[in-house]
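2 protein chains.
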Amino acid sequence: MKEKIERVQQVLKEHKINSWIVFCHHSYDIHSKYLLEKNITSATFIMIKQENKPIVITSRMESMMIDNDVYDVIAYKTRSELIELLKNSLSGLENGKKIAINYVPKDNLFDNFSMDILPAGTFEFLTSLNNNINWVSAKDIIRDVRSVKTKKEIENHRIAAKLAEELMEKVVEQKIKPGMTEKEIKALIEYECNKRGGIAFEAIVASGENSAIPHHHASKTKIKENQVLLIDYGVSYNWSNSDITRTYWIGKNPPEEVLRVYEAVDAAKEAAYKHIKAGVFASEVENAVRETMKEFGYDPEKYFIHSTGHPLGIETHDVGVGIYKASETVADKRLIENSVVTVEPGLYFEGKFGVRLEDDCVVTKDGSIRLSNTPKKIITI
Amino acid sequence: MKEKIERVQQVLKEHKINSWIVFCHHSYDIHSKYLLEKNITSATFIMIKQENKPIVITSRMESMMIDNDVYDVIAYKTRSELIELLKNSLSGLENGKKIAINYVPKDNLFDNFSMDILPAGTFEFLTSLNNNINWVSAKDIIRDVRSVKTKKEIENHRIAAKLAEELMEKVVEQKIKPGMTEKEIKALIEYECNKRGGIAFEAIVASGENSAIPHHHASKTKIKENQVLLIDYGVSYNWSNSDITRTYWIGKNPPEEVLRVYEAVDAAKEAAYKHIKAGVFASEVENAVRETMKEFGYDPEKYFIHSTGHPLGIETHDVGVGIYKASETVADKRLIENSVVTVEPGLYFEGKFGVRLEDDCVVTKDGSIRLSNTPKKIITI
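So the sequences go chain by chain: A and B. Sequence positions in the first sequence follow my numbering and run 90 to 470. Sequence positions in the second sequence follow my numbering and run 90 to 470.
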């Protein structure tokens, strides 16, 4: 945790911003979890300055959960105490200080959705406490802090991916039987994820034609023989997530069509890996994936209805640069060294079936380090 | 779902508001789940007018998940298409129309934290699309729609509470053994919750002195003989949550001190039930709980560091009126007929142990209907 604080302070200095405030209440700000490494649910205020110990103001009930080696912890008992403490923390600041908060002005919004967090009324309240402060968007701080992973975070991602592979291969694949519902399989996967750390997100379990819906919510549908079964899940390990998708065939002999689509998706994934490297444009990788699909005779415009990958971190869809198609409104960006991204091409045939194969990798200056490996051939269950 | 839409339209008419917009992207708005009954993760815009079919604008990838009997579904492929669609939806509106969005102006903020959701930059963007609209806070709409439960929702809460009790009594209590970690027990509970519906929130499993920390996060601590074990968990069933806390003794003979505290907390809970009734002030119930603690010789100011209860619904801490102490800054409110609330007194002795007993009930005009019943005597494991 101290490593993160030092990194934040370094980034604050680089951007000449005096401090970063994270304030959340009922609403959720992932940066509370990122900075405190705890799930705090009461109204909580975190202020990190360029120097000195950062402060946390939180409820008495949760204050004992905060590491007071790292933070000066101030507890409030009542709402009026909280308001008083917030006023005091901000009123003492000198005129013109630059303070970053988690919001993004509208002109930069669509490229930075995930950093526009502070609710509008809360923004109004917080900024009204000191009109002499130069309130700025924290987007550059957040980007610089979170898009590059520390060695420890990369190690956590590696473990999160390995645990996810292991639980599927050693436990879940053996237990899946026709007649089980998608929901039962989801519960089993999440149990195994929880035993190993936590769940990165609600697992997607999609059988038969549901597999053609990329974000299908596990339902009471029973899985049957001679169907595709698509499973998208991840383990959260020490606040780092994995995100893996595997596609199975329930039954003995997958039809030619499914084998061919699987082969095409796997080839598309390999094409991505050939291009992934720090400094390469995202669109270059995306195009390689789409070209490969075309070579197999599947029009990506029709059958590949999402992008190839997203950055991975404490959030499954994390801050950073993923793999996507640039356009007039979406700027092309270069892949970032020591970021973690997913590689997840898929082909979806509405009313029939879908295949997605998703792995995680670290982007390096020479290429990538694969953290997981979906099977080259479809596994039958 | 149609029932909810009709209710929203009724409430819009009562408040003379033309429509309610829910817009979320990376950030999370529970009203997307509440209205669509799906977990949608892409940027999504919902607009419900006083009459006619409401509209949903969402990504092509997730558009097929929306019920098009209830909504007119419009899918976008690219970000520029989304922006264009948003502009079109808002530009057609006549001057002066009152449109409610999920934000709360700063003067009402602290009583309505959970309805201040729309992020500041997104607020800026959305309201800039049509300057002639009279943008208002949706807080009254949200309060009226969500604080009173429909018959169907109450039935879902009843089932959610029964399932939670059943899984603990029939499965989990039998499997808990000294030597297991808090995390293992948490994983087991969540597995059983998931099999029956979903988890309402991350289960709290706190053994020994951890039980004195109300929101302790399940750790790798192994549970041992002759300790308290506190478990706070809930099932989510058809988008309605239960929230139950049980306190156990690991070992044969709980010490006199633990028995006495358990008795005091149980008596405090019963005192609450004697006062709960629609129209009664929250503080009246809260005072009854605190007086009972005092009668047992435990100063609530020192040992009861939270409130007696909160409203329950699609969120575990839902919109509505709970049971709490009024103060200069926190207005007293009357309990609402057909709301669902938790009753959860607790006594916490730092460094030693804590006892909390939490049940759910429906507030009625004659009193309450209990949805769960924690045991009157501590169960030993």
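No lab work stands behind these hints: they were computed from the structure. Hints may be right or wrong, so weigh each one.
Treat identical chains as interchangeable: a pair holds within one or across any two.
Said to hold, decoys possible - Once the Cα atoms are required to be at most 27 Å apart in a straight line, the calculated DSS-like pairs of lysine-lysine come out as:
hint: 1; residue 1: K187; residue 2: K454
hint: 2; residue 1: K311; residue 2: K122
hint: 3; residue 1: K422; residue 2: K272
hint: 4; residue 1: K127; residue 2: K441
hint: 5; residue 1: K259; residue 2: K311
hint: 6; residue 1: K309; residue 2: K241
hint: 7; residue 1: K311; residue 2: K105
hint: 8; residue 1: K240; residue 2: K311
hint: 9; residue 1: K122; residue 2: K309
hint: 10; residue 1: K240; residue 2: K186
hint: 11; residue 1: K166; residue 2: K383
hint: 12; residue 1: K284; residue 2: K264
hint: 13; residue 1: K105; residue 2: K383
hint: 14; residue 1: K414; residue 2: K102
hint: 15; residue 1: K266; residue 2: K166
hint: 16; residue 1: K91; residue 2: K309
hint: 17; residue 1: K122; residue 2: K195
hint: 18; residue 1: K414; residue 2: K363
hint: 19; residue 1: K93; residue 2: K272
hint: 20; residue 1: K122; residue 2: K366
hint: 21; residue 1: K366; residue 2: K465
hint: 22; residue 1: K93; residue 2: K186
hint: 23; residue 1: K341; residue 2: K366
hint: 24; residue 1: K166; residue 2: K309
hint: 25; residue 1: K311; residue 2: K241
hint: 26; residue 1: K93; residue 2: K465
hint: 27; residue 1: K414; residue 2: K465
hint: 28; residue 1: K272; residue 2: K259
Since the structure is predicted, the reported quantities are computational estimates derived from the model, not experimental observations.
Going down the list of hints, with the structure as the test:
1. K187 - K454: neither (34 Å within a copy, 54 Å between copies)
2. K311 - K122: For K311 and K122, the Cα distance is within 27 Å only across copies (24 Å; inside one copy 37 Å).
3. K422 - K272: neither (38 Å within a copy, 40 Å between copies)
4. K127 - K441: between (43 Å within a copy, 22 Å between copies)
5. K259 - K311: both (22 Å within a copy, 25 Å between copies)
6. K309 - K241: For K309 and K241, the Cα distance is within 27 Å only across copies (20 Å; inside one copy 39 Å).
7. K311 - K105: neither (57 Å within a copy, 46 Å between copies)
8. K240 - K311: neither (43 Å within a copy, 29 Å between copies)
9. K122 - K309: Classified as between; 18 Å across copies, 33 Å inside a copy.
10. K240 - K186: neither (33 Å within a copy, 54 Å between copies)
11. K166 - K383: between (62 Å within a copy, 20 Å between copies)
12. K284 - K264: Classified as both: same-chain Cα gap 16 Å, cross-chain 15 Å, threshold 27 Å.
13. K105 - K383: neither (48 Å within a copy, 54 Å between copies)
14. K414 - K102: The answer is neither: 34 Å in one copy and 44 Å across copies each exceed 27 Å.
15. K266 - K166: neither (52 Å within a copy, 37 Å between copies)
16. K91 - K309: between (45 Å within a copy, 22 Å between copies)
17. K122 - K195: Both: 26 Å inside a chain and 25 Å across chains, each within 27 Å.
18. K414 - K363: within (17 Å within a copy, 63 Å between copies)
19. K93 - K272: Result: close only across copies, 25 Å inter versus 37 Å intra.
20. K122 - K366: Cα proximity of K122 and K366: none, with 30 Å in one copy and 38 Å across.
21. K366 - K465: within (22 Å within a copy, 63 Å between copies)
22. K93 - K186: Within. Shortest intra-copy distance 23 Å satisfies the 27 Å Cα cut-off; inter-copy 47 Å does not.
23. K341 - K366: The answer is neither: 39 Å in one copy and 61 Å across copies each exceed 27 Å.
24. K166 - K309: neither (45 Å within a copy, 29 Å between copies)
25. K311 - K241: between (41 Å within a copy, 26 Å between copies)
26. K93 - K465: neither (38 Å within a copy, 47 Å between copies)
27. K414 - K465: within (26 Å within a copy, 61 Å between copies)
28. K272 - K259: Classified as both; 20 Å inside a copy, 21 Å across copies.
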